[in-house]
Structure formats: structure tokens, C-alpha cells
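Student: Each chain, written out:
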Amino acid sequence: MIVETLARAIGRALSRALPALMRALGPVLKRLMPPERRE
Amino acid sequence: MRRNGVIAFRGPAIAVVLLALGGCSARAPLAPYDRSAGLESFDASWRIVRETYFDTTFAGVDWVALRDTLRPRAERARGLNELRGVIERMLGRLGRSHFMLIPRELADTAGSATGVVRGSVGLDVRLLADLLVVTEVDAGGPAARAGVRPGWVLVAVGRDSTSALLERLRERARARATVYRIETEAWGTARGRLGVPPDSAVDAAFLDHADRSVTARLVADTAPGQPVRLGSLPTVFTRFRAERRAGPDGVQVGVVRFNAWMAPLMRQIDAAVDSFRSLDGMVLDLRGNTGGIGGMIGGVAGHFLERRDTLGLMITRRNRLALVANPRLVSADARPVRPFAGPVAVLVDEVSASASEAFTGGMRALGRVRVFGHQSMGAVLGASWDRLPDGDLLYHAIMAFDIRGANLEGRGVVPDEAVPLTRADLLAGRDPVLDAALRWIAAQPRPVAR
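Heads up: the protein sequence lines correspond to chains A and B, in order.
If you count the first sequence from 1, position 3 lands on 3 in this note's numbering, and the numbers rise without skipping.
If you count the second sequence from 1, position 247 lands on 247 in this note's numbering, and the numbers rise without skipping.
Any given hint could turn out to be false.
In silico negatives: residues of chain A with every beta carbon more than 10 Å from chain B [unchecked claim]:
(1) I2
(2) R12
(3) P19
(4) E36
Distance ranges between label pairs, derived from CB positions [as the list claims (entries may be wrong)]:
(5) A:L6 to B:A65: 27 to 37 Å
(6) A:K30 to B:R267: 54 to 64 Å
(7) B:T222 to A:E36: 55 to 65 Å
(8) B:R47 to A:L6: 15 to 25 Å
Hints listed in this document are in silico derivations from the structure and should not be mistaken for laboratory results.
Quick caveat, the model's predicted, so the values are computed rather than measured.
Where is the CB? At the ideal position from N, CA and C, for every residue including glycine.
Here chain B stands alone, though its shape is the one from the complex (with noise of 0.2 Å):
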């Protein structure tokens, strides 16, 4: 999509999800469109599905009648954008997460100290009540400087009213064009629409604490968070945060939230582990965390496994492998230490996703912790990605991720606790979810000996 001279990519939701990709831009120009590249494009694309792909009975889809169908309207295609319809329109017919079509232009990075540039207008959303509800406004960016609050309603973004945005999304649902659930969609749907390449303006309206009505011209900074890149995977910002919290009866609890797993956050995650070792309980707050590097989660689960454990089998069309996680003995500063013993809460939203559900349902299988929140997203496949003719990159399911018999793909984690947030919490300041894993926390047995 052209907006601004630059290519911004606003997918479905399907593809803002795993590697949140909303507001992603490159500043490269395209090339006149290829269309013998784009055909074989389409035909390799087809092939490494039909190749590669877990289930070989495609769910019940003909693969082969698929390309027949298809391969015409691929051949006809008059420009990339039409080509890249009609691959997406492929893979969404397996029904499935972790199928999308990444454009050249935010793979072709290499080079670049961080890839592409992303922006961010420094809010987040959920859908509650029917209602877009601003849940986070980042300290000092664009949303903040506008005076934006949690618990403000967003009505409108650009020229469209969120109420028709949700109807068309609805409509979608209604005829099974999606893969996840409205809440997941509307949230993929407003990051969409708000991220905004760095400089560029969204006018969004909203409803303050008192129903008024605001408008706010947001124009984007770069976002927050640290760059990481992944092979020629589009850059990811990362963001991490550990604080210590009290909560009732005195109970001490470190609170660790990361929004993906990418290996630099490796350290930070060890380092709070560290630090919080003494304290009567952690809680891992993977709400709104999309996902990452599946190999990350057995990592993480050893800081609180007392012996070698399974947390789920990854089964691709050859191969069946235990993701095993061992119990980490050691330090980031080389002292031996035990696992955190203490309680472990793991709190999910509707955006919480892949390697954060794989996490939180294999150690909720082992009895290790408890899940507090909302249903997260159910997409939960192994993905790989491989480089298409015409240079986009076409990432791909290639493995079932299965926790005792158990596929938590179309269906998410569905937390012990269901705790809802609404609008009135997020105007007040409070964190039901979180107040929610604190209480639990603190009516658990505390350790004799520390």
C-alpha cells in the first residue's frame, strides 16, 4: 500500500499478528511489476505449502483444485498488490494462523543498522463491551502529549467510525473469513489503522472519562523499544519490563512483562529472575505479547522447573520433537542457584499469542503455573519462512504444537481465572488482572526457608 511517498503495509489481522508488523514502513521504491516473477511467485508459494506443511491432509482443502483455481487469477494479475491478493487468499483458505505474505519491501533490510522503521502514535486497545478502549498510553508519546488516558473510548480513526469498523469485522465472522476472534481482530484491525509510519498523522477521535468528545491529531514517533532482527525477518521492537510489587498482606512479587520472545531479551529475562529469587511469588505478564522464537519458551521455563520436563511435542510431517525444558543451575553471574520454587502467575489477553501460548499451556500442563486474564489469540503453529522469486518473503505453518494430545491452535489458553478489564478499571488506574494473580499469590503457602 502506498500512503505518504513510503510502502506501508496494513494487512488483515492475520498478518499483524506474530510479528506485529502495524506500521512497519521502508523508504525503497518499487520496482514496475513483474509478472513472470509474480506467477512463479504464486507457483512457489503453492509448492512450499504443499511441501512443507504439517497436515497432509490440508484440513479438508483440495490443494491441488486450489492452485487450478487460482493459478488464472494469479496469471492475470495486473500489478503486486493483486498478485499478493490472490497468494494471500491461498493460504487463508487453510484456515490457519502463521500463513502470511511478507512484502519485500520490510523484508529487504539487510544493511540498514535497524530494518525498517516503525512508528507508533503510543497507544493500545482492546475491544470491551462492544467498545475500543484505550488500555495503554505510552509515558511521553504522541497519545500522551494529546492528553489521550486509559479508559478513553476510540470512535473514530481517519475517516472511519470504530462502531463500522467493528461491523465489518463482524460481518467477516459471520461468514468464517477469519481465522481469530473479534476481540483479536479488533485489536489487530486499530493497530492497523494507527500505526502510522514515524511523522505521519492519524486523526482519531475519542470519548474522555466523562463521555466528551475529543479529537487528536497523533503524528508518530518511532517506536519505542529495542530493534531486533531475525534473518531477513522484518525488524522487531522489543520491550521489557521487571518491577518489584507488593501486594496483600505484605506478599512480595516480581513482575516480569516482555511483548516477544526474541533472543536479546534472553539476559534481561535471566537478570530478573535473579533479582526477584527471594520474593514469595513472579508473575509473567505475556499480555499483549504476540509471540517469537518457539526455542525461547524452554528456556524461560527452566527458571522454575525443579527437574526436566516436557512443555508440549512440535510435530511437523517428518518429525515428532519434545520441547524440553531443563532446570536453569545457574546464574546470569555464574552462581548456582535452584528454580524460583515460589508461585508463578502467567497473565494473557486476546493478543497473547504462539510462543507466549505454547509457554503458558505446556506449563500450565506440568502444574506450574496459574493463568489469569483473557482467552488468548490460538494461534499457535511453528512457523519458517522462505524467500519467493519476486523477493517477498512467504512465511509458513510447518509444525502442530501439541500439549498432551492437545492443540491449542483456533482455541487459545483459557485462563483459570478469568478476570475481565473494563473500562471503569482502566479509568481508575487499576489492574484487575494483575490485582487478581497478586491476591492468589498471597494465599499461597510461603516457603519456611528462604
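Same shape as in the complex, but just chain A (with noise of 0.2 Å):
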């Protein structure tokens, strides 16, 4: 049987999360940054 451990399926979900959760914090981030520091 297959053994799935818990750091490989966190590794797993975050991997498939990551994409989406850095498109919506993109625009917050760039909010929070010095003017002269965006592009």
C-alpha cells in the first residue's frame, strides 16, 4: 500500500496552492512597498 507522508502531501498541496495564493498576494505586496521600490 501506499505510504503518503504528511511532509510529502503538505510538500504536494502547497506546491498545487502556491501559484494561486502568490497571483492574490502579488497586488497586497506591491501595496505594501515603498513607491520607489515598485515596478
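Taking the hints as your guide, dock the two standalone chains into a single complex.
Tutor: The following block contains the structure:
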């Protein structure tokens, strides 16, 4: 039987969720940056 | 292996087991053989097993000496298949289930919707009285369209007669070159031969119900079932069926059948249990179920247990972890329920493996199920996988599973009621194993109030 370790399951979930999370957080992070560092 | 311009995987039966890869294909061309990556993969395979195999005695195999013997052969390998052969030989020396090398062509499925494509000619076989007999024909599938029926005898596949194939398996068994009993190996071999990619043809010869010779050219369809992917492992095609059956004395029984323990099936199993809660008994038909996610068996077991209990001990090199089942007290639609308390029968056969055996063995040890059918495969270890430097996946055992101090690896679950399946039953459309389970359920006391 396949043994899924917690670390691997979390890694897998994160790798799926991370791109969407970064897209969502991008505008927020941009606003938090000092104006001179914004692109 | 290259056939028809696609890569098809047809390893020995040990590789077909558990993930049931037969008939997989991937249409990516292979890069030229990279000798140094190949040797690195040999070394990595050896090291991973040395570091993670649960049995530090390696059951008497001198793991260092084995590397020293085989490494020069890995070094001399002139191609990928040869290298894979050397690694598989090393893994095979442990004589355990749950070791296989999964070709990168089947593992590299990222980006595609279903991963690899699997073909199916729509029939399954078992070894019955020294004959490979058709036990199931998919409705509307290639075999059904060719007129093949359960109970027909498969006498040849391609250019090979099945009697010659079986003789080869017997030789392997005599030489102790196999982990499994012959009935499991026979299924695996037939599955490998019949498991061609979609649109590829297999010429098969049969004896029909009246022992007349019938030949058929079976062109594979895409395998039926829902594709399920787990990490970089090859796609598993899951099949599920739940039906209500009437048994002797008007007994009403819910029969649930599924071919793999994969998480997306959990919702269907939960819904089926919900719909059968008021019936007199349930049958879990795990015949042909080669296993899957170990963690799922506790969830299914919880439908049938009144109190928290342990199905078995998962023993890795460093830890011992109890596989616990908690009673399931909420239905799929969030109503409070009691776990099903009526009689539960489990059906197994020589293809029931791994998680299916852990579930069945664990539940029987708790006295909660009665087991019917044929002794199961005896492939009861926990496994994980790692990517090798050349891209192949090493699927390897990291865990033993003990049920009250006993271990089913190499033995399997011996049914409480061994029910032989015969060709005559299949020709007559009977299922003696299910019938025995229904009879047993009918003989159990009915609950006074529901």
C-alpha cells in the first residue's frame, strides 16, 4: 500500500496552492512596498 | 519496451501488481541512453533501499555484496532497458512485494490531464484448474463486441499459447524466481499480454462454451474508469460499483465493489454505505482490488466499527505506528449516524493485494468481517517512491504491516470460507463467492429494530 508521508502531502498541497496564493497576494504586497521599489 | 511507436511497459508480474500498470503507454520519445545518469540511478536505488528498507537484516541478503556484484553490470549496460534490468534484479533479490522501477515514460505525466493513457481489451482472467479462464467481460468493450463471454478459456495471446506461458511460470516458481503464487503470476502475465495501448490490436484465441476454437482480433479501447493521479505515480483508473442485492430468505444486502484504494473513491464509498445503512448486511467485493492508499482503510473500516480500534501496526525502520480506525458517526450529508452494525462479508481473490489485504486482515482480526473467496495475493507492505537521477521512479517498501504480531506478506488472507470459482459457474452466469456471502448474511440474526 502506498504510504503518504505528511511532509510529502503538505509539499504536494503547497505546490498546487502556491501559484494561486502568489497571484492573490501580489497586488497586496505591491501596495505594501515603498513607492520607489514598485515597478 | 517499444511497440507500435509507443512506449509500453510490460515488466514481470511483480511490476504489474499494486499499481496495475499493464497497458500503459506514453507517447514521449526517449532520449538517448545517458550512461552516467544510469549508473547514478543504480547507486541511488541501492542507497535508498539501504537507508529506508524496514528490515535492517535484509532477510539474509548481503546488500553490500549484491551491489558489488551488480554494479559492474550496471556500468556496462548499453541501454536503458539493460540498466533497468540490473536494478530490477537487485530489487528482486529481496524477494518482497512493493519493489518496482517505474519507467519515466509512465511517471512523467505532469501537464497532461490524465497522465498516461491506458488501453483495455475489456476482459479479465483467472487461473482455474490450470486454465486461464475469462472471468469478466466489460459490457460494450472490445471483448464483448467480439462475442467473448465469461467462462471461455484463453488459449493463446499473440503467438504464445497460454499453456506455454503457464509452463514458463511454473519453471520460475520452481526456481523460486517469483514472489507470488502461480495463480497471481498467471493473472499478471495475461494482463501484461492483453494490456496493449489504445487502438493497438491483440490476437487472442479462445475455447468457447462448447470448447470450439474461436479467434478474435481485439483492438483496445481507452481503459474504462476514472483516472486518478497521485504525485508522479502513473495514473490509476478507478472503477466503482454499488448495488442492492436480494439474498436467500429475502435478505437485502448492499454490495460495494471497487478496484483500488484511491482517495477520490471515498465519497462514493461513503454515499454507498449511507444508502445501504438500513439493509440486513453489506458485502465489500475486493476481488481484483490491487490496493492503493493505506491511510484510506481506516476511514472505510470506521463505517463498520462501534468503537475506535486498531487494524494493525505499521512498522518502519524507526517507528511503530498504529493504523487506527475511528467510528464514522456522520453521514456524507452531515447527519449523525451510527456505524453499520449488521454482518459484513469481504470477498477476496488472488489479485486482492496490499491495502485490500491490510483492510481485510485487520477487520477479520477484530472479528468484524467474514472473508469469502480465494487466498489473497500476499503483498502486504507499505511503500513510497523516489525520483532517480535518470528520471525513473523507484517504488520501494518502507514498512511492514503486522496484525497481532502476524504478517501477511508472502501469505495473504486465507478466507474463512474458501469458495472455488469454476468455469461451469462462469458459463452459467453464477457468482458462487457472492452467493456464499449472501447465504451467510441470511443466516445471521436480523437486528430487532432499525
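Student: Give a verdict on every hint.
Tutor: Hints and how they fare:
Not every Cβ of chain B is farther than 10 Å from the Cβ of A:I2; the closest lies at roughly 5 Å, contradicting the non-interface assignment. Consistency note on A:R12: stated as away from chain B, yet its beta-carbon is not over 10 Å from all of that chain's, at 6 Å minimum. Listed as outside the interface, A:P19 is consistent with that label: its C-beta sits roughly 14 Å from the nearest C-beta of chain B, beyond the 10 Å cut-off. At roughly 39 Å from the closest C-beta of chain B, the C-beta of A:E36 stays outside 10 Å, upholding its exclusion from the interface.
Distance hint check for A:L6 and B:A65: the Cβ-Cβ separation is about 36 Å, which falls inside the suggested range of 27 to 37 Å. As the Cβ distance of A:K30 to B:R267 is approximately 40 Å, the hint placing it in 54 to 64 Å is violated. One distance hint, 55 to 65 Å for the beta-carbon pair B:T222 and A:E36, holds here, with the actual separation near 57 Å. Range check, B:R47 to A:L6: about 23 Å between beta-carbon atoms, so the 15 to 25 Å window is met.
Hints 1, 2, 6 from the earlier list are contradicted by this structure; the remaining hints agree with it.
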